[in-house]
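Let the hints inform the model, and build the full structure from the sequences given.
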Amino acid sequence: MILAKVAAGVFGTIFLAGAYTFREGVIRVDVDEYKDDGAHVHLWVPAAAVPTAMRFVPDENLREASAHVKEFGPVARALAKELRNYPNTTFVEVEDQNERTHVRVSTDGARIKIDVDDPDENVHVAVPLATLDDVLSQLESRAKGL
Amino acid sequence: MRHSYLPYFRLSVAGAALALALSPVAVLAQSANSASSSPQSGASNSERWLHVRVVSNESKGETVRVNVPLEMAEKVLPAINKDRLHDGKVRIDSRDMEGVDFRTLLDAVRTAKDGEYVTVQGGENDVRVAKQSGYMFVHVTEKGGASKNGKSIEKSKVEVKIPMKVVEALFSAGKDELDIVAALRALSAHGDTELVSVKSDDNIVRVWLDSKNIAD
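Chains as they are written, first to last, in the working numbering: chain A, 25 to 170; chain B, 5 to 220.
Treat the hints as calculated values from the structure; they're not laboratory data. Please note that a few of the clues may not be correct.
Stated by the list, open to error - List time: in silico DSSO-like cross-link candidates among lysine-lysine, alpha-carbon distance up to 27 angstroms: (1) Lys216/B with Lys105/A; (2) Lys59/A with Lys64/B; (3) Lys203/B with Lys161/B; (4) Lys135/B with Lys165/B; (5) Lys135/B with Lys161/B; (6) Lys137/A with Lys165/B; (7) Lys86/B with Lys105/A; (8) Lys94/A with Lys86/B; (9) Lys137/A with Lys79/B; (10) Lys64/B with Lys168/A; (11) Lys79/B with Lys94/A; (12) Lys137/A with Lys86/B; (13) Lys105/A with Lys79/B; (14) Lys216/B with Lys137/A.
Printed below as a string of C-alpha cells:
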C-alpha cells in the first residue's frame with residue numbers, strides 16, 4: 025500500500041513536471057558544421073528550466089548581457105509580444121536560384137525559429153517567445169543591480 | 005507516526021490529478037493554436053503587410069523576401085531608441101537637408117494641382133517627379149551608354165509611388181523630424197499598392213503593400 029502511494033507520488037510529480045515542461049515548450053539548438061573538426065551541437069532544453077537556471081549564474085557572467093539589455097531589451101520585449109499575434113508566419117526568407125530555402129526566420133506557434141541550411145553548415149534554433157520574456161526580465165533585474 | 009508522510013503523498017497524488025485534469029486543456033489550447041495557425045492566421049482581413057523582395061541577378065541568384073505586418077512595425081518601432089531613431093521618429097540633421105526646406109516644399113506640393121513638377125532628361129539620368137490622384141511619383145532612370153541604333157540603354161530604373169497622406173504623416177512631427185510611425189499608420193489605411201520598384205543589372209527590388217502575410 026505504502027509502495028503504491030510512493031509510486032503515485034513519484035509518477036504524479038514526474039507527470040506534473042512533464043505537463044509544466046510541455047506547456048512551457050522546449051528550446052532547440054542544432055548546429056552542424058560540415059568541415060574537418062566542425063562542431064555538431066544538438067541541444068534540447070526545457071524552456072521552463074532556463075529562467076530557473078539563470079538565477080544560479082553569477083552576476084559577472086551576465087554582466088555584458090545585462091549591460092546590453094538596457095539597449096535591446098525594450099525592442100526584444102515588444103517584438104516577442106507582437107510575434108505572438110503572428111503564429112506560423114515567415115518573416116524573412118532567402119532562397120537560392122533553385123528555389124531552395126536556405127535562411128528562414130519564422131514563427132511556429134508560440135516559438136520563434138531561425139533556420140539556416142547551407143552547404144557548409146546547418147543551424148536550427150527554436151525558442152519559445154515566453155522564454156524570451158522570462159530571460160529579458162531576469163537580465164533587466166540583474167542590470168538594475170549593476 | 006508511521007503515516008506522517010501521508011499528507012505529502014496525498015499532495016503529490018492531488019497534484020498529479022490536477023496535472024492530468026489540466027493537460028488536455030493545455031493540449032487543446034496548443035491544438036487550437038495550431039489549428040488557427042494557417043498561413044493567413046495572423047492576418048485578419050484588415051491587416052496590412054509590407055513586403056520587400058530582392059532578386060539578385062548575380063551568380064548565386066538569391067532571392068530575399070521580407071514580410072512585415074504594419075501593425076507590428078508600428079508597435080515595435082517606438083521601442084527602438086538608438087542614434088537618430090527615437091519614439092518612432094527619425095531626427096534629421098539640418099546639414100543633411102543641404103539647405104532645402106522640405107516642409108515648405110511638401111506644403112507647396114500638397115496644395116498644388118496634379119501634374120508633373122520636375123522633368124529632367126539628362127545624359128546620365130532621366131528624373132520625373134509628379135503628383136497624381138493623391139500619389140507622389142518619383143521616377144529615376146540611370147542611363148548606361150547608347151545602343152547601336154543610338155537609343156540610350158537603361159542601366160537602372162527606380163520607380164517610387166507614395167500616397168500623399170503618407171508623405172504628410174512623415175513630415176507631421178516637429179521640425180527636423182520624420183515621423184515613421186505616423187507614416188506607417190497612414191500607409192496601413194491604403195489599399196494594395198506597389199511602393200518601390202528598382203530594376204538594375206545587379207538586382208530587382210520590389211516593395212509593396214497588401215493584406216497577405218506571404219510574398220508572391
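Status of each hint after checking the structure:
no., hint, in the structure
1, Lys216/B with Lys105/A, "holds (21 angstroms)"
2, Lys59/A with Lys64/B, "holds (21 angstroms)"
3, Lys203/B with Lys161/B, "holds (5 angstroms)"
4, Lys135/B with Lys165/B, "holds (9 angstroms)"
5, Lys135/B with Lys161/B, "holds (19 angstroms)"
6, Lys137/A with Lys165/B, "violated (34 angstroms)"
7, Lys86/B with Lys105/A, "holds (20 angstroms)"
8, Lys94/A with Lys86/B, "holds (11 angstroms)"
9, Lys137/A with Lys79/B, "holds (21 angstroms)"
10, Lys64/B with Lys168/A, "violated (47 angstroms)"
11, Lys79/B with Lys94/A, "holds (18 angstroms)"
12, Lys137/A with Lys86/B, "holds (26 angstroms)"
13, Lys105/A with Lys79/B, "holds (10 angstroms)"
14, Lys216/B with Lys137/A, "holds (21 angstroms)"
In terms of the numbered hints stated before, the structure departs from hints 6, 10, listed from lowest to highest.
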